[in-house]
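Engineer: Residues per chain, in single letters:
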Amino acid sequence: MRLLNRIFGLFAIIWAIVPGAVLADDVSAFTLKNGLQIVVIEDHRAPVVVHMVWYRAGAADEDPGVSGIAHFLEHLMFKATDNMKSGQLSATVAANGGSDNAFTTQDYTAYFQRVAADRLDLMMTMEADRMRHLKLTEDDIRTERQVIIEERNMRIENDPGALFSEQRIAAQFLNSPYGTPVIGWKHEMEALSRADALAFYRKFYAPNDAVLVVAGDVDPARVLEMAKSHYGPLAPTPDLPERARPQEPPQTAARRLTFRDPRVAQPYVMRTYLAPERNAGDQKEAAALFLLAQLFGANSATSLLGQKLQFEKKIAVYSSAFYSDVSLDPSTFGMVVVPRDGVSLKEAEAAMDDVIAGFLKDGIDKDEFARLKMQLRADAIYGKDDVQALARRYGAALTSGLTVADVQAWPDILQAVTEDDVMQAAARVFDRRHSVTGWLEKPLFQEVTQ
Amino acid sequence: MIRFFIAVLAFVTLTGAAQAEIKIREVTSPGGITAWLVEQHSIPFTALEIRFKGGASLDAPGKRGEINLMTALLEEGAADMDSRAFSAARDSLAASYEFDAYDDAVSISARFLSENRDQAVDLLRLALQQPRFDPDAIERVRGQVLSNIRSDLKDPNKIAARVFDRLAFGEHPYASSYNGTPESVAALTRDDMFAAKDRVMARDRLYVSAVGDITPEALGALLDRLLGGLPATGAPMPHQAPFNLTGGVTVVPFDTPQSVVVFGEKGIKRDDPDFFAAYVMNQILGGSGFQSRLMREVREKRGLTYGVYSYLVPKDYAEVFMGQVASANDKVGQALQVIRDQWERLARDGVTAKELADAKTYMTGAYPLRFDGNGPIANIMVGMQMQDLPIDYIATRNAKVEAVTLEDIRRVASRLVKPEDLRFVVVGQPEDVTVQN
Numbered sequence: 001m002r003l004l005n006r007i008f009g010l011f012a013i014i015w016a017i018v019p020g021a022v023l024a025d026d027v028s029a030f031t032l033k034n035g036l037q038i039v040v041i042e043d044h045r046a047p048v049v050v051h052m053v054w055y056r057a058g059a060a061d062e063d064p065g066v067s068g069i070a071h072f073l074e075h076l077m078f079k080a081t082d083n084m085k086s087g088q089l090s091a092t093v094a095a096n097g098g099s100d101n102a103f104t105t106q107d108y109t110a111y112f113q114r115v116a117a118d119r120l121d122l123m124m125t126m127e128a129d130r131m132r133h134l135k136l137t138e139d140d141i142r143t144e145r146q147v148i149i150e151e152r153n154m155r156i157e158n159d160p161g162a163l164f165s166e167q168r169i170a171a172q173f174l175n176s177p178y179g180t181p182v183i184g185w186k187h188e189m190e191a192l193s194r195a196d197a198l199a200f201y202r203k204f205y206a207p208n209d210a211v212l213v214v215a216g217d218v219d220p221a222r223v224l225e226m227a228k229s230h231y232g233p234l235a236p237t238p239d240l241p242e243r244a245r246p247q248e249p250p251q252t253a254a255r256r257l258t259f260r261d262p263r264v265a266q267p268y269v270m271r272t273y274l275a276p277e278r279n280a281g282d283q284k285e286a287a288a289l290f291l292l293a294q295l296f297g298a299n300s301a302t303s304l305l306g307q308k309l310q311f312e313k314k315i316a317v318y319s320s321a322f323y324s325d326v327s328l329d330p331s332t333f334g335m336v337v338v339p340r341d342g343v344s345l346k347e348a349e350a351a352m353d354d355v356i357a358g359f360l361k362d363g364i365d366k367d368e369f370a371r372l373k374m375q376l377r378a379d380a381i382y383g384k385d386d387v388q389a390l391a392r393r394y395g396a397a398l399t400s401g402l403t404v405a406d407v408q409a410w411p412d413i414l415q416a417v418t419e420d421d422v423m424q425a426a427a428r429v430f431d432r433r434h435s436v437t438g439w440l441e442k443p444l445f446q447e448v449t450q
Numbered sequence: 001m002i003r004f005f006i007a008v009l010a011f012v013t014l015t016g017a018a019q020a021e022i023k024i025r026e027v028t029s030p031g032g033i034t035a036w037l038v039e040q041h042s043i044p045f046t047a048l049e050i051r052f053k054g055g056a057s058l059d060a061p062g063k064r065g066e067i068n069l070m071t072a073l074l075e076e077g078a079a080d081m082d083s084r085a086f087s088a089a090r091d092s093l094a095a096s097y098e099f100d101a102y103d104d105a106v107s108i109s110a111r112f113l114s115e116n117r118d119q120a121v122d123l124l125r126l127a128l129q130q131p132r133f134d135p136d137a138i139e140r141v142r143g144q145v146l147s148n149i150r151s152d153l154k155d156p157n158k159i160a161a162r163v164f165d166r167l168a169f170g171e172h173p174y175a176s177s178y179n180g181t182p183e184s185v186a187a188l189t190r191d192d193m194f195a196a197k198d199r200v201m202a203r204d205r206l207y208v209s210a211v212g213d214i215t216p217e218a219l220g221a222l223l224d225r226l227l228g229g230l231p232a233t234g235a236p237m238p239h240q241a242p243f244n245l246t247g248g249v250t251v252v253p254f255d256t257p258q259s260v261v262v263f264g265e266k267g268i269k270r271d272d273p274d275f276f277a278a279y280v281m282n283q284i285l286g287g288s289g290f291q292s293r294l295m296r297e298v299r300e301k302r303g304l305t306y307g308v309y310s311y312l313v314p315k316d317y318a319e320v321f322m323g324q325v326a327s328a329n330d331k332v333g334q335a336l337q338v339i340r341d342q343w344e345r346l347a348r349d350g351v352t353a354k355e356l357a358d359a360k361t362y363m364t365g366a367y368p369l370r371f372d373g374n375g376p377i378a379n380i381m382v383g384m385q386m387q388d389l390p391i392d393y394i395a396t397r398n399a400k401v402e403a404v405t406l407e408d409i410r411r412v413a414s415r416l417v418k419p420e421d422l423r424f425v426v427v428g429q430p431e432d433v434t435v436q437n
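Order-wise, the sequence lines are chains A and L.
So for the first sequence, the numbering used here puts the first residue at 1; every next one is plus one.
So for the second sequence, the numbering used here puts the first residue at 1; every next one is plus one.
A hint or two may mislead.
Claimed, not checked - Covered stretches of chain A (chain L as the covering partner; in silico rule of three or more C-beta atoms under 8 Å from a C-beta of chain L):
1. 27 to 41
2. 139 to 148
3. 385 to 393
The hints are simulated quantities; they were obtained by calculation from the structure and are not laboratory data.
Where is the CB? At the ideal position from N, CA and C, for every residue including glycine.
Turn these sequences into a full structure, and let the hints guide you.
Structural biologist: See below:
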């Protein structure tokens with residue numbers, strides 16, 4: 001039963017990349033002279049296209065003190081340009097029966113339209129226009145800043161689980177900008193200015209920092225021609241620096257924290273460990289961790305946490321493990337245990353540690369490992385049904401330090417992972433010195449309210 | 001130069017919309033079960049959607065939550081397999097089955113590979129026809145449901161929706177959550193699970209659709225094997241719900257920085273001749289995207305919220321025209337005033353010719369984009385059957401949108417949009433909001 005996913009919503013927004021496998025079929029890749037990278041995915045079953053521009057610029061690329069500017073700029077990108085009125089892009093997409101939106105994570109910001117395939121040229125016209133010609137007014141800033149603060153209210157301030165996540169993630173990263181929330185710290189959001197937005201825009205919004213992904217009922221050669229005519233004339237940002245962000249020092253002390261809020265209905269314990277991510281040409285360790293997360297917490301009835309905590313000890317109502325494989329810098333491997341009524345967080349955490357210790361001692365259930373490999377193989381087939389998800393997979397990978405070849409090699413690398421690989425990766429990742437353990441609970445004594 | 005180019009293209013494209021070619025075929029099995037099928041052999045899997053109408057509203061009196069709990073238990077063991085054995089068998093086949101209960105339906109979504117279709121269907125058949133409802137599984141899943149109920153009691157969105165439903169639907173099941181209450185769920189027994197299953201999972205309320213790598217002949221055989229053994233009839237269907245909602249403002253004090261608001265009034269039935277006029281009108285008022293009046297006035301111009309929407313909810317036994325917004329406690333009063341003003345403006349002035357034209361272009365252009373995968377198409381087709389739409393509906397739907405006139409919208413606005421009947425339920429610590437009972 002898929003329960004309690006809601007309380008981990010924030011985590012999903014910030015980290016979630018749909019895991020899985022893709023076939024190499026029907027994917028073409030190009031690069032324009034100005035540096036724009038292009039990926040075309042063909043799916044001719046319906047006359048629809050998804051047009052996406054991904055920038056290699058996310059919240060982790062912000063300067064200190066202006067947290068949230070990447071996401072704020074994402075909102076402001078729907079305002080006026082030299083050639084379009086404020087709101088005209090979305091209105092034009094809608095007038096063509098399409099939908100459009102955008103999203104920001106630590107590693108990238110992406111804009112997309114989903115529209116009838118014969119409208120692709122118009123989408124490129126507008127998206128290319130706002131890559132270099134945004135025009136912001138102080139009035140835009142004032143109004144839209146209120147909107148992102150209301151967005152923060154909705155996603156974070158109104159949700160104790162999200163507030164808890166912010167504190168945990170901040171404790172996980174000692175030096176990496178991943179410790180700062182994508183949406184921004186509230187006090188810094190309130191001071192974000194037009195100059196801050198434009199500085200970020202001018203530096204990062206350029207063809208040599210972008211990836212164009214077009215997926216659907218299209219001809220790759222035609223897409224390339226269209227892209228040349230719309231994106232080709234745009235000037236790259238000269239001397240765009242390497243994406244070298246502050247890196248973590250050795251983490252040498254386990255961290256613990258407790259977040260209490262009267263709005264907590266269901267306490268839980270969450271543990272994350274610093275973990276290596278997928279790197280170009282080097283994805284084996286990440287593949288082992290990916291399988292480890294599946295073994296620990298993919299399915300409550302068959303995964304380790306579910307079997308031990310929900311079925312055998314009967315101390316949990318929900319448990320899960322998660323790992324962010326696509327990430328520019330080292331990410332996290334984590335697990336969560338939601339105890340049954342009457343079971344303390346201390347007991348829940350101890351039981352979780354028993355599962356880890358037992359796994360390191362007893363190893364992997366061979367049948368479960370075989371089932372997992374079978375499911376990953378099937379994902380390549382099911383995955384072809386959702387071309388937009390495929391497009392997102394390429395866009396996220398290419399803005400997180402990976403290449404098209406890495407994306408296409410991933411399914412085979414997953415299949416090649418051995419039980420021994422997983423055990424070794426587990427032994428490396430389950431190092432308490434690299435971990436944060438958080439408890440989310442109600443206040444010890446309920447405050448008296450009038 | 002570019003500006004001119006964009007303006008011209010946007011105008012020219014008003015006429016042409018993508019035409020998805022969806023060939024639906026009705027398949028009747030040898031045993032008399034019908035399904036709608038779209039054959040799509042390019043990917044070797046099938047998406048299957050099954051619905052049992054009535055859903056959680058068929059809970060027996062005093063047993064609120066039984067159909068929800070029963071549905072959640074269908075994947076927790078069948079025939080000689082306990083929960084873990086069932087999951088292992090499913091995972092070995094790389095099949096997926098999702099079981100969900102809603103107010104008006106119990107829903108089963110399955111997908112399975114062509115290479116092991118028969119085994120995947122046989123396993124699903126056991127879940128549907130021989131679930132075990134083992135006591136330990138009941139206790140485990142009951143614990144999950146109770147945890148969800150506890151969480152809902154502290155979630156401002158859920159609180160607002162629940163209070164709204166309670167004010168609107170009197171004694172009808174719609175007035176309460178299909179999760180049940182802590183007390184009702186605690187009292188459910190194993191016998192209740194078998195009874196609940198037979199109330200709702202019967203062939204006289206069954207709807208099926210399939211899309212993918214399967215022929216009509218194979219689907220016919222599959223239907224009989226999978227569903228033929230279910231009972232022919234189930235419980236009597238629910239009654240029409242009363243609609244007790246009155247205009248005003250309800251405040252539910254809850255200590256949180258942003259007030260969450262659900263608002264609404266009486267809506268319109270799906271089969272009403274004016275449904276399409278209402279549907280287009282709602283698109284202009286508060287439909288999806290950034291173009292609606294509410295989104296422009298509350299978010300784009302004033303920055304009072306991240307999102308504000310309105311929608312028609314034609315349930316099987318009640319119709320609501322409702323919306324939602326969330327605003328900081330010190331701004332929510334202003335947001336409510338802007339929404340009220342928009343309600344009044346729509347009732348008084350209707351919509352403009354340009355708004356109507358824009359909405360039609362959006363809606364007719366967006367419709368074909370929905371049919372972009374086996375899963376989505378199967379889902380749409382089963383919904384069409386449940387709404388009693390004809391099998392050629394997809395080809396005629398855009399013409400129904402195009403046919404809506406300004407006069408139609410004026411008529412439906414005067415019938416549906418009544419500012420004095422609008423009820424706001426505000427959960428939070430709102431400032432400048434006056435309670436009106």
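Engineer: Hint numbers the structure violates, sorted upward?
Structural biologist: When the structure is compared with the hints, only number 1 turns out to be violated.
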